[in-house]
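For the record, the sequence lines run as chains A, B, C and D.
Mapping to our numbering: the first sequence position 303 is 303, numbers consecutive.
Position in the second sequence (from 1) plus 1000 gives the number in our numbering.
Position in the third sequence (from 1) plus 2000 gives the number in our numbering.
Position in the fourth sequence (from 1) plus 3000 gives the number in our numbering.
Treat the hints loosely; a few may be bogus.
With the C-beta cut set under 10 Å, the calculated list includes, among others, these residues of chain A facing chain B [claimed, not checked]: (1) Ala38; (2) Glu42; (3) Ala45; (4) Asp50; (5) Glu93.
Covered stretches of chain C, as calculated for chain D (at least 3 residues, CB under 8 Å) [what the hints assert, rightly or not]: (6) 2038-2049; (7) 2171-2182; (8) 2283-2289.
These aren't lab readings, by the way, just hints derived from the structure by calculation.
Ideal Cβ placement from N, Cα and C applies to all residues, glycine included.
Number of protein chains: 4
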Amino acid sequence: MDAKPEMSAALRIRKESHLDLVLAGAGIVPATRNGFDAFCFEHCALPELDLADIDLSTEWLGKPLSVPLLISSMTGGALRAERINHHLAEAAEALRIPFGVGSQRVSLEGESDSGLTHRLRDLMPSVPLLSNIGAAQLIDAKGIDVARRAVETIRADALIVHLNPLQEALQPEGDTNWRGILPAIEQLVLALGAPVVVKEVGAGLSPSVARRLADAGVAAVDVAGSGGTSWAAIEAARGATERQRAIAQPFADWGLPTPQAIASVRAALPNIFVIGSGGIRNGVDAAKAIRLGADLVGQAAGILGPALDSTEAVIEAYGVTIEQLRISCFCAGAGDLQALRQVPLLPANGVFAS
Amino acid sequence: MDAKPEMSAALRIRKESHLDLVLAGAGIVPATRNGFDAFCFEHCALPELDLADIDLSTEWLGKPLSVPLLISSMTGGALRAERINHHLAEAAEALRIPFGVGSQRVSLEGESDSGLTHRLRDLMPSVPLLSNIGAAQLIDAKGIDVARRAVETIRADALIVHLNPLQEALQPEGDTNWRGILPAIEQLVLALGAPVVVKEVGAGLSPSVARRLADAGVAAVDVAGSGGTSWAAIEAARGATERQRAIAQPFADWGLPTPQAIASVRAALPNIFVIGSGGIRNGVDAAKAIRLGADLVGQAAGILGPALDSTEAVIEAYGVTIEQLRISCFCAGAGDLQALRQVPLLPANGVFAS
Amino acid sequence: MDAKPEMSAALRIRKESHLDLVLAGAGIVPATRNGFDAFCFEHCALPELDLADIDLSTEWLGKPLSVPLLISSMTGGALRAERINHHLAEAAEALRIPFGVGSQRVSLEGESDSGLTHRLRDLMPSVPLLSNIGAAQLIDAKGIDVARRAVETIRADALIVHLNPLQEALQPEGDTNWRGILPAIEQLVLALGAPVVVKEVGAGLSPSVARRLADAGVAAVDVAGSGGTSWAAIEAARGATERQRAIAQPFADWGLPTPQAIASVRAALPNIFVIGSGGIRNGVDAAKAIRLGADLVGQAAGILGPALDSTEAVIEAYGVTIEQLRISCFCAGAGDLQALRQVPLLPANGVFAS
Amino acid sequence: MDAKPEMSAALRIRKESHLDLVLAGAGIVPATRNGFDAFCFEHCALPELDLADIDLSTEWLGKPLSVPLLISSMTGGALRAERINHHLAEAAEALRIPFGVGSQRVSLEGESDSGLTHRLRDLMPSVPLLSNIGAAQLIDAKGIDVARRAVETIRADALIVHLNPLQEALQPEGDTNWRGILPAIEQLVLALGAPVVVKEVGAGLSPSVARRLADAGVAAVDVAGSGGTSWAAIEAARGATERQRAIAQPFADWGLPTPQAIASVRAALPNIFVIGSGGIRNGVDAAKAIRLGADLVGQAAGILGPALDSTEAVIEAYGVTIEQLRISCFCAGAGDLQALRQVPLLPANGVFAS
Ligand SMILES: Cc1cc2nc3c(=O)[nH]c(=O)nc-3n(C[C@H](O)[C@H](O)[C@H](O)COP(=O)(O)O)c2cc1C
Ligand SMILES: Cc1cc2nc3c(=O)[nH]c(=O)nc-3n(C[C@H](O)[C@H](O)[C@H](O)COP(=O)(O)O)c2cc1C
Ligand SMILES: Cc1cc2nc3c(=O)[nH]c(=O)nc-3n(C[C@H](O)[C@H](O)[C@H](O)COP(=O)(O)O)c2cc1C
Ligand SMILES: Cc1cc2nc3c(=O)[nH]c(=O)nc-3n(C[C@H](O)[C@H](O)[C@H](O)COP(=O)(O)O)c2cc1C
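The following block holds chain A by itself, in its conformation from the complex:
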């Protein structure tokens, strides 16, 4: 997700155009691919609940959350990043949900801070704030040092390390040497002094990768599966060269669909903290993600528009999602998240058996 220092001017411009593409929906492959439509809840016509009493509260990193939602990491061009981060931090505090900033590489390299400073934390004193660096940075000699600075600069509660091999492979100057990343994560866990979370960026974590990460001691994994933002689709639409676009095109639908990733990671690792993200469109999808095993549910592309706009717009967008999640619980007959994880799921358009 990062620019090499020497390229940063050009790449910063490219990142601006990436934001525009994401906003225009270019990163999303057709909606029919979204795996969340393949199954549904069994409607409960007799909830025996008061909608107003449904308890969505949870906690993470020792802090209480009002709902099991998360603002997923997004870097942006420097021009807009500061505004976006400001709005998202204020909204996170108001909503009482965690906020993960985008990659801090550029800002740590001193080019532009994008608002990723001590002041960000002042906007959100009571909810988890998460740092973000790319896995490829870790294998640098100064990897742990960078990670520590990422956390300290914004006084974060934890550090997110993103795994994005496909994205790096499709980018002209991507970091494509991934040898030693797992040991580096192991080292980081021991050395950092703050919890480490590992995520993908839209191609999904498989159960076997999740298991290796759990064995390395990470505190949580975010599956960040396919079905939402596809960096390959974005590269295919607007790579720097014809050749780059051609290379990216058949990877537009590469990846583990989010529902499958959540369910299979949960099945493999019953006790790990799982964040479900990638293609979450609304609170019904969020409810399904939780039902399949997610502890928190993240969204990135879907809130970029509101984030550019204002703090209130982000709060309003999450307000809709929260209400949908609450109604999903109500109509599935689940009074809290624990109950939601037990309700029946049915195949959509399920083959009828007489």
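Start from chain A and add chains B, C and D with the ligands according to the hints.
Using the frame of chain A, we list chains B, C and D with the ligands on its own:
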């Protein structure tokens, strides 16, 4: 399905516009979702029957019916409700089928009687007439009293209580405290002195809900499943605010498809009286509903147009449905409803196995 | 398929318009429904055959046939029937395939002979000619007499009795008393002195109906399944009244798909002579029908256009079909019909199992 | 794939138009049929590999190859064939991949050499060059002689014999006597003194055909399955006569889909050298073909455009494919071809099982 008293003027106007939306088909999600198309009858080229002798007669609530069909409950704006109810009652008598009126809440609160008076019964002396209230009204202190008045006002044979948690949750001032509804239904069954029927309004009754209702002593359940009118789709098209529309949108396909609901409720409760409704488009669908386990088959949206028009239009519409049901029996080789329940069903576009 | 005598003028006009609708394709529901596309042959890249030597010959009713094809029964309006029958008879002789005439009811009642006279036989001395009456005519007091005259009038090799309960039920003055038809067929078999074949007209014979017919002694069955001409689709497009059209509409896809009908009848009755028809579009479909168990394969709607045109047009159309059938055998590695019945079938778009 | 000598002028013109049709995409049936979309790799977010170190090298016919790709055999009209062959040979050398020339029949018959001479080998000294003749030529008295000359003329490393019964059957003057072809191949293997490879041309080799070929001693098979170029589709679009077009049309989707052909041939014959071709669109498809069991992956239609253009265009096109193949390995966590054959495959849009 009801307006809070203090809101009734505004809501009455909204109900008028709901009727217009239903008439325009806005409540129906695309036809491909209709679960009835997933299976078909095995054609019988040698029926050994006289089409004229096919016996569709049945009985309900102690009264003989000519065919196993039901006019499902519909409230309308006060402006048109009286006309609709008049036409439907006359047609029910002529056709010898039961008629369930729409929610009586507004009329019981004295705002406008919508034709829901003693005179309605005079139009249909020999067939079952069913009252209608919402489940949320029951948990009011005066719940049983309201239920009793609903039955008495129109001299009904039975009372229908509708369960509509999703609809209430999506409406701005919906009744969303559903605690105590099951005990209230149990009380009602004991106290009312008339049979109690419980239905959904388009999201379906699951087998577990149906079992709880059966244990509470209800005389019949109407699954009112998904595949036909979707109140969420209507709210998504025309909620009062942008926010309401956004919240409703992902619920447009929420619910148990009618065929699945009928079959699974029947499997769970072999002896309960089951009404199959939700998305019935014609007499072939009706035949399939009966084959899957329905005792009666109801239609709402499909007859709203004729109901607004005239008594004759309703009779004509049902005439077509009845002829289709009769021909379905003939070509399935079934001489009566009992036989229809035994004929083979096949998957449509069934995977071919050589 | 027949007109009541007193209605014959009006109905003859209607039959003319039916021909026009069939020619315009109105009787065919969308091609995706055709069950023949669901499976395919395993290609044999090493046939070890000479295409020129592939032996498609067979025999029926004691007469040798060059290919296992049949011209299926079609009535037409009197205006064009004579021409059609003349062309088809000449083509049958030239092609050395059997020809089944359309219903002889109108011509036997003396209204118009449609070319269904002794002279027809003169055009096709060496191949089977089949008479045709409707099953409903058989239960008339004079049923067997009519059947006998149908055979004698054209000096037929056998009599086809068509079962068309759906078609009769959808027609305004259809024969809808089907009691006693099976015993009447049993009687006919004993009394007629010529083989009796029983067919549907596009809704399919199920295995249980086929078994009853076999027990009654019929010489062959023609499944005439769904996927091709649908009389309900024609009625829905152009019934006499709005009401008739509305009634017919949901029956447009009623029926047993031809491939399923052939395979299940063959499985139930390994030794009966089976004709596969209904929706055969070309020689690849014909090869599939034979592979599934058909002894002969019939086409109706697909040759109506050529039949109206000329004898040569019919020969040309069959020439294409025969060549396709021959190439199908070649590329399936089958040197004759016996071998074709043994080759592997695969699901089309078969789910890939790694 | 060949012209009878006496027809060669007319047929050469037809071949020119075939090239134009292939270039215009007329040979490809809609993309949805491509079986490669039905399954996908499990994404590996932690490859523990350096993209730069991924080893795609392999060897064939005793020569090292940089990647497991092959330029598949294509004849062209004489006007353009020489240019095409020149470009492809130069590109093969530069890319270090094998190149199979199109059918040598016309050139061996002395009409026009199409650049298929000793000089071709000079352009590609270090990589395998493959001759090409049709199986039907082998059963000629001079069959083995022709085969020997085909190899010698271009100093090939091996001879490809193509099996194309469907194509021959659909062509006006096709060779349709396929008796004795298998024994002729057996003879050829013994007599030729160079390895013999057998391929289809877009309809696929089944496991049973592959087994017969293996028993006959062939060195490798190329499944050349359906999903890419369809000669029937081309004939249907532009056969010489209306009749030819009509005959060809239902064969447009005839054949074994390439992924199925590869997987089933590999399962049947664990040790044979398998080339996977037919509908390969990019390096992700190529990776899937290898995963299913292919040793090399071939493309024809997809490189015709670049081949007409220039050597550089062919190199550029393969460069994209190779990069995609490399990234597929990287993101599947496979460091070489051996590892790629072990990674998990998942159904695309896999039914979700909760
Ligand atoms: C504009 C944009 C920028 C992103 N930048 C980062 C990043 O810097 N670090 C990171 O871990 N993920 C990044 N992501 C990935 C998201 O966190 C998320 O995993 C992915 O987009 C899938 O979620 P979605 O479908 O809701 O967008 C970014 C996503 C977007 C849309
Ligand atoms: C305009 C309209 C008003 C309705 N009002 C009521 C009502 O007051 N009470 C009730 O129990 N159901 C009501 N329903 C729900 C129907 O009775 C029925 O359960 C549902 O619409 C599914 O049937 P359908 O798909 O045939 O419309 C209403 C439906 C419509 C279309
Ligand atoms: C115009 C037309 C008239 C027909 N008339 C008769 C008839 O008189 N008797 C009969 O047994 N079948 C009749 N059929 C039915 C056909 O014989 C055949 O069973 C049916 O059309 C299915 O074949 P197809 O899909 O190839 O048309 C007729 C079909 C057509 C299209
Ligand atoms: C223009 C063209 C000419 C071809 N000529 C030959 C040929 O002469 N010999 C042969 O074995 N295959 C020939 N083929 C078949 C290809 O080698 C290949 O098996 C087939 O096209 C499937 O691959 P594709 O889908 O990548 O095109 C030809 C294909 C094309 C497109």
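- Query: For the segment 2283-2289 of chain C, do three or more residues have a beta carbon lying closer than 8 Å to a beta carbon of chain D?
  - Reply: With 3 residues in contact (Cβ-Cβ under 8 Å with chain D), the coverage given for the segment 2283-2289 of chain C holds.
- Hint check: is the beta carbon of A:Glu93 less than 10 Å from a beta carbon of chain B? Cβ of A:Glu93 sits 22 Å from chain B, so the hint is violated.
- Can the hint on A:Ala45 be confirmed by a CB-to-CB distance to chain B that is less than 10 Å? Because about 4 Å separates A:Ala45 from the closest Cβ in chain B, which is inside the 10 Å limit, the hint holds.
- Message: A closest beta-carbon separation below 10 Å is what the hint needs, so does A:Ala38 meet it against chain B?
- Response: 12 Å, violated
- Message: So is the segment 2171-2182 of chain C in contact with chain D by the C-beta rule, three or more residues under 8 Å, or is the coverage claim wrong?
- Response: It is violated: at least three residues are needed, and the segment 2171-2182 of chain C offers just 0 whose Cβ sits closer than 8 Å to chain D.
- Interface hint status, A:Glu42 versus chain B (Cβ within 10 Å): Constraint on A:Glu42 satisfied, holds at 5 Å.
- Query: Is the shortest C-beta separation between A:Asp50 and chain B less than 10 Å?
  - Reply: A:Asp50 check passes; min Cβ-Cβ to chain B is 4 Å, inside 10 Å.
- For the segment 2038-2049 of chain C, does the count of residues with a C-beta closer than 8 Å to a C-beta of chain D reach 3? With 10 residues close enough to chain D, the hint holds.
Going down the numbered hints, you'll see the structure goes against 1, 5, 7, while the others check out.
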